[in-house]
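Turn these sequences into a full structure, and let the hints steer you where they fit.
Number of protein chains: 4
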Amino acid sequence: MSLGTHNAELNQLAMSEKAQPLLDAVIAHIRDNVDPITEEFYKLGEGRADRWSYAPGQLELLETAKVKARESGLWNFFLPNAETGEGLSNLDYAYIAAELGKNPLAPETLNCSAPDTGNMEVLERIGTPEQKEKWLKPLLAGEIRSAYAMTEPDVASSDAKNIATSAVLENGEWVINGEKFYISGAGDPRCKIMITMVKTSPDAEPFKQQSQILVPIDAPGVEILGPMHVFGHDDAPHGHMHIRFNNVRVPEENMLLGEGRGFEISQVRLGPGRIHHCMRSIGQGERALEMMLDRALSREAFGKKIIDLGKNMETISRARIELEAMRLMVLKAARAMDVLGNKEARIWVSAVKAMVPEKVCQIIDQSMQVHGAAGISQWFPLSDMYAGQRTLRFADGPDEVHHHVVARAEVQTFKNSNDRTPVIAAGRKFEGP
Amino acid sequence: MSLGTHNAELNQLAMSEKAQPLLDAVIAHIRDNVDPITEEFYKLGEGRADRWSYAPGQLELLETAKVKARESGLWNFFLPNAETGEGLSNLDYAYIAAELGKNPLAPETLNCSAPDTGNMEVLERIGTPEQKEKWLKPLLAGEIRSAYAMTEPDVASSDAKNIATSAVLENGEWVINGEKFYISGAGDPRCKIMITMVKTSPDAEPFKQQSQILVPIDAPGVEILGPMHVFGHDDAPHGHMHIRFNNVRVPEENMLLGEGRGFEISQVRLGPGRIHHCMRSIGQGERALEMMLDRALSREAFGKKIIDLGKNMETISRARIELEAMRLMVLKAARAMDVLGNKEARIWVSAVKAMVPEKVCQIIDQSMQVHGAAGISQWFPLSDMYAGQRTLRFADGPDEVHHHVVARAEVQTFKNSNDRTPVIAAGRKFEGP
Amino acid sequence: MSLGTHNAELNQLAMSEKAQPLLDAVIAHIRDNVDPITEEFYKLGEGRADRWSYAPGQLELLETAKVKARESGLWNFFLPNAETGEGLSNLDYAYIAAELGKNPLAPETLNCSAPDTGNMEVLERIGTPEQKEKWLKPLLAGEIRSAYAMTEPDVASSDAKNIATSAVLENGEWVINGEKFYISGAGDPRCKIMITMVKTSPDAEPFKQQSQILVPIDAPGVEILGPMHVFGHDDAPHGHMHIRFNNVRVPEENMLLGEGRGFEISQVRLGPGRIHHCMRSIGQGERALEMMLDRALSREAFGKKIIDLGKNMETISRARIELEAMRLMVLKAARAMDVLGNKEARIWVSAVKAMVPEKVCQIIDQSMQVHGAAGISQWFPLSDMYAGQRTLRFADGPDEVHHHVVARAEVQTFKNSNDRTPVIAAGRKFEGP
Amino acid sequence: MSLGTHNAELNQLAMSEKAQPLLDAVIAHIRDNVDPITEEFYKLGEGRADRWSYAPGQLELLETAKVKARESGLWNFFLPNAETGEGLSNLDYAYIAAELGKNPLAPETLNCSAPDTGNMEVLERIGTPEQKEKWLKPLLAGEIRSAYAMTEPDVASSDAKNIATSAVLENGEWVINGEKFYISGAGDPRCKIMITMVKTSPDAEPFKQQSQILVPIDAPGVEILGPMHVFGHDDAPHGHMHIRFNNVRVPEENMLLGEGRGFEISQVRLGPGRIHHCMRSIGQGERALEMMLDRALSREAFGKKIIDLGKNMETISRARIELEAMRLMVLKAARAMDVLGNKEARIWVSAVKAMVPEKVCQIIDQSMQVHGAAGISQWFPLSDMYAGQRTLRFADGPDEVHHHVVARAEVQTFKNSNDRTPVIAAGRKFEGP
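In order, the protein sequences belong to chains A, B, C and D.
So the first sequence is residues 1 to 433, counted in the UniProt record's numbering.
So the second sequence is residues 1 to 433, counted in the UniProt record's numbering.
So the third sequence is residues 1 to 433, counted in the UniProt record's numbering.
So the fourth sequence is residues 1 to 433, counted in the UniProt record's numbering.
Mixed in with the good hints there might be a few duds.
Any copy will do: because identical chains look the same in the list, a pair fits if it lies in one copy or spans two.
As a list, the in silico DSSO-like pairs of lysine-lysine whose alpha-carbon atoms are at most 30 angstroms apart [stated by the list, open to error]:
1) Lys-304 to Lys-415
2) Lys-161 to Lys-305
3) Lys-68 to Lys-311
4) Lys-415 to Lys-161
5) Lys-305 to Lys-66
It should be emphasised that the hints constitute simulated quantities derived from the structure, not laboratory data.
The structure is reproduced here in structure tokens:
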């Protein structure tokens, strides 16, 4: 189904009334429990001995906020009940995610950080009771963190079929060899488990060769080669790690869902996490626009306020228009997941994935330009924000792959359609061959 | 209020259930009563003696369709009841307008052509009983057509305060002198009346100098100098006329609302017409994309289908994404008119006015490029469509003016806001001066 | 050889001293002999009975100017001496072409109109003595005009191998069947001959299947179906004609160069004509910028001159910078033809062909926007200019084909290169896999 | 004079024959003396104790190369002889600068690093004998380094008239107070002197208020607050420092040229340094394109080489075309400095300053996208290159200021011109008001 296929229900983009109290509670939580500790948290971190650890006191600050979230019933609100299917709709979650994006500590205090949400969702839906007991339980309790090991340095992993890290079954153990990079969160000392995409059946048909498997980060043979930088940032202690698997052995039962079902699991993973990312990107665009206004209204050059020079007013208008258009598109993608299910809604998700980070990068860049040289310095968060958004144009597949998904759906819809617009437009009949 | 000011109610963009039967009826009317006469209508027109008239049989074809619309209760559905305020919401109208855009004859058969809808809306809301009797009644009956005379060749009328056509009261008559151009619809032989923007009080404060007044097109002194072309098209017999007012005298009671209240009336005029235009633009973009797919799938070069060459798939994806984003924005502007009223919603209307025609021009241009040289010829409607959409970037004010409206609202909201995003983003505190 | 391959000689872009007197003479000729008749020429044309003819007096005006050109020794200056190889360099011609582009009648008065220059060049270089006597002589004398029939409506002729019009040898005659369109100049009543691309050897290897052949326009079976419009313009009486060849028979000796050598001839055709087109495009961009300045400096809105509003100053700067960059690129392409020969220089020609019309379209579009609604009307030449430049993005191959030529050369150069930039940049060593 | 004012001499862009031996010598020097030490130099640097120093051995490596440059007669080749005016033309220097840009150590080994070249040029042209003796001599000998202190954090210094750092004459000493940032090179332990822009005459007319003065970096009261980061890089030990002047006292004779003549000196400073920067930017674009080709040709996804996917070939072509156009523009700016002098040529310099870094940023960004996630990591220099080029969009004035310079020249040329293109274009006469 192409994006253009109309369905009025999909345009009901207002938050539900029943989600309002939750949204209010989240806003209050951030204001009362998270914002007040944020400055101290980062200040403490500056003095830490090892970039890949937390300073004394940092985790305690977080724990305090986590306790308060539990007390307010906000802990794990992201996860639908697997049996009843009840839970927050993706649309309602999107509105809340926009708030979560305003403070970088907020998600963890509510146990909804990436990539944990995706990992918990996968385990919750397709994990065995043993897998749930061992990994989901401590994740839900916020006792450990997790990672998702997909991308590889040696192949163009935009084509997931290229994934080459191998897993071979030997004596009831999977023996894993290969190299992954950009394993986000694997630098955190609390990270204990990685869901890892491996090739188990090189001779099967293309979409049945891959599997996903649970690999403890402290398994012998897991070698962390170092952090990948993004625009010079190592994002310690979270990190985007470069990891080599040297004959890593995990028990046979660590396989998720079943051998050759790796791509099937990826379909499950399209949930709240993706929407969270997109709403956070829009939040970054909002922040860049707000900073642009602040700077442009507070400085003068050539006898005028900066805002009244050149194209600045038009830049502001265009940024605002694009932000609103993106927000509606993300809400619609969330709504599509609710109405059509994740599989059918993947076209909408690809559309916003291809649309949002690219445009947000442009808005941040324009905000930098209005700031002058200070805008790219440590005095403003703009260059960090840019690095983050630029990175998103690769995460979960580069823009080009998502555009291809959208275009292919468009072609299919066109081919299936018998109900074309008539060939008369603007009063002229098509006289072609 | 800036576009970014959130209000969940504004995001309820689904068509109402009660509008569904009307939408169905309009679709059926176009399919059954309009599509079947369209080719004949234009073919008859080709043989007319005078470009500024209709050929025998043309108007009869239209009348037949109009009668059927009346029988189905679809006549004048666009107009809310002035007393009860009841009628179609702008949001519901937007969905219907998308259908109206698919056949250029459809609007007239339902009496909702531009600029008649705007003129009828103004007369209905602020006309005197005598003005209604004389002009609104025949307009509602579809017996006459009308025009709106605003733009002037000698000044930058993007700044409406520049309007220079003067009206001076002499012996109970307004004596009008000046020159207007791009008076759309004034070429139609059935056009009888023009709502005309004039300067009546040059010494009043800037926004109180202008008035709007009813000028019969056959009043002595109204001199039609000729049609303005757009990209070489004269759009006869509708036309975009260049008109000189030479001592044109109209009775004192032709003044609308009152001397100096011209800008006030413009606020009323932001109704269904504007939304109709935008939805029609999106329809043109859809049509261009559909043609792009059709051509790209049916031709080959260098051993591949055109669609598989170079950037064509990405072009298709980007066009689809932008079309969906624009559609949601137009629906939201319609919804804003319903929820906030025309005055408050004007920022949304400016946003879509600045956004839509520019992007649709790009999509049409890309479709042309995929078509090769034939794409700009008379064999395809693309160059006509382009000319039409390019013209819209000036109609009702150039893009730049609408961007300014949006940016100004953004500045105002920023200044009023006490609730800024905290200065910590991405874990880094702003250390600036 | 890629564009990036350096060769200092190629950067000698100044006009030669010996060309200066010729340039001065051409400028004087246009000022004294062409500008004064231009208005009258077009005014006479408006009254002509048949769009596809000239009005009495029109051709006489042209002939007078042509006589003066002959008297000044300017007639046919474009053509190098085939035996000595002497003549104007392409670089010098480019400077002169810029002047020719300022008056649409100028080229014909000097016998250097498109597509005649290309046709004459081909005949001069590879024609047989008989072909020269019959067709080149009257062309050089300015007694007849000519056309070049390449593009076909039924195939994507951007891939010239798709050309399907067939020529089969029967009894000493080539029998031609097929359909061509956009045959520029074939509407002129003086046009007598078409160089026509045909498929003669469908079973030969791909680049040996095509031939070019001389077809008199009055040969039995040549059916002119009508003019192709570009953005609604038919460009009568010059015209871009749609022509069907119905069993058209021409003598065997009308074949140019030899059967299967069609592509070889195309290489010859890369001469003055191509450079002329590009310089003329830049001239159109200059004209659009000049009009933008004129309008922006002479109107006011919102209390300021238009030029001081919004992004207009930056738009002007960007237009100027792009125009200068394009001019240098065209001069370098001309220089490359002089230094490297047409075949090697084709990469440069593709570069400017892909670069210039697209950017000039943007500049004209921006000039329109500054003009307001009048900018797209018949009051200004901008929409005609836009149509012309937009058309050039297809003529001689769409932009995409030329970008492909440039990129392919780039790939080849990269593969051949052993002399890569060292892997250290900005002080950081490449640590990659 | 606008860029569009033609002057054939300006288009003579080939390197002179006499510069060829120098270019060859520079190439040989880099190959033989600089490339071989580069890896070691940076490796040594990694182990240094203090980021703001050099490790033992680093400077010795550089000195060895400097000695070799002196032996080959290449030392200080950038500086024209002040008395005879003889020296390298800017055009020839541009060709050499392109080579210098290929190794980051190369300029220093030839004593032509930024900002020293600009400072030496200023001292050489307008310094007093005492100033030359004290500062120019050790700079020419490569014994010390220098900085240029212009930009201020508290004002929009894109408008140099905003400069607020004050210098007041007291008892034969200038007492300086204020704050500067982005003082490039002031982090180097060898940096001894800063040419500092100060406000000396706040009551004079706007362009006479500023002066430039020599401030030793070790003068009491010069407080280095820390390095400004650019996209997270501190560029140690060179650095872009943030400096406060607290009652810094320098002798009266440290004033350059005279009180109130600060802007006059800036005109002198438009020399080789600016051209060097631009050629280096183009070199970075070349490098990004080369890396794009390398990656796109060596990886596969979806069964094709990356280069054959989507728009990649067109991206390569567009990058190449823009690079060539930029190179010609920079050469022309250099030539303009030679032919017209620095003052008149400043329009050309502004044009390339506004054109080059913006486009090079785009090319680097596209190269990143082709690389996938690795492209923004430390494995490739692309994100560093991006940070560097993005910074250049502010250095020496933001793009907007340079566009304004170009546009203003355009307006002036238009107003002065009596020789407009005639109003007939494309056969249509302007019928406007």
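Quick rundown of the hints versus the structure:
{"no.": "1", "hint": "Lys-304 to Lys-415", "result": "between (56 angstroms within a copy, 18 angstroms between copies)"}
{"no.": "2", "hint": "Lys-161 to Lys-305", "result": "between (54 angstroms within a copy, 15 angstroms between copies)"}
{"no.": "3", "hint": "Lys-68 to Lys-311", "result": "neither (47 angstroms within a copy, 51 angstroms between copies)"}
{"no.": "4", "hint": "Lys-415 to Lys-161", "result": "both (27 angstroms within a copy, 28 angstroms between copies)"}
{"no.": "5", "hint": "Lys-305 to Lys-66", "result": "neither (45 angstroms within a copy, 48 angstroms between copies)"}
Violation of the numbered hints given earlier is confined to hints 3, 5; the remaining hints are satisfied by the structure.
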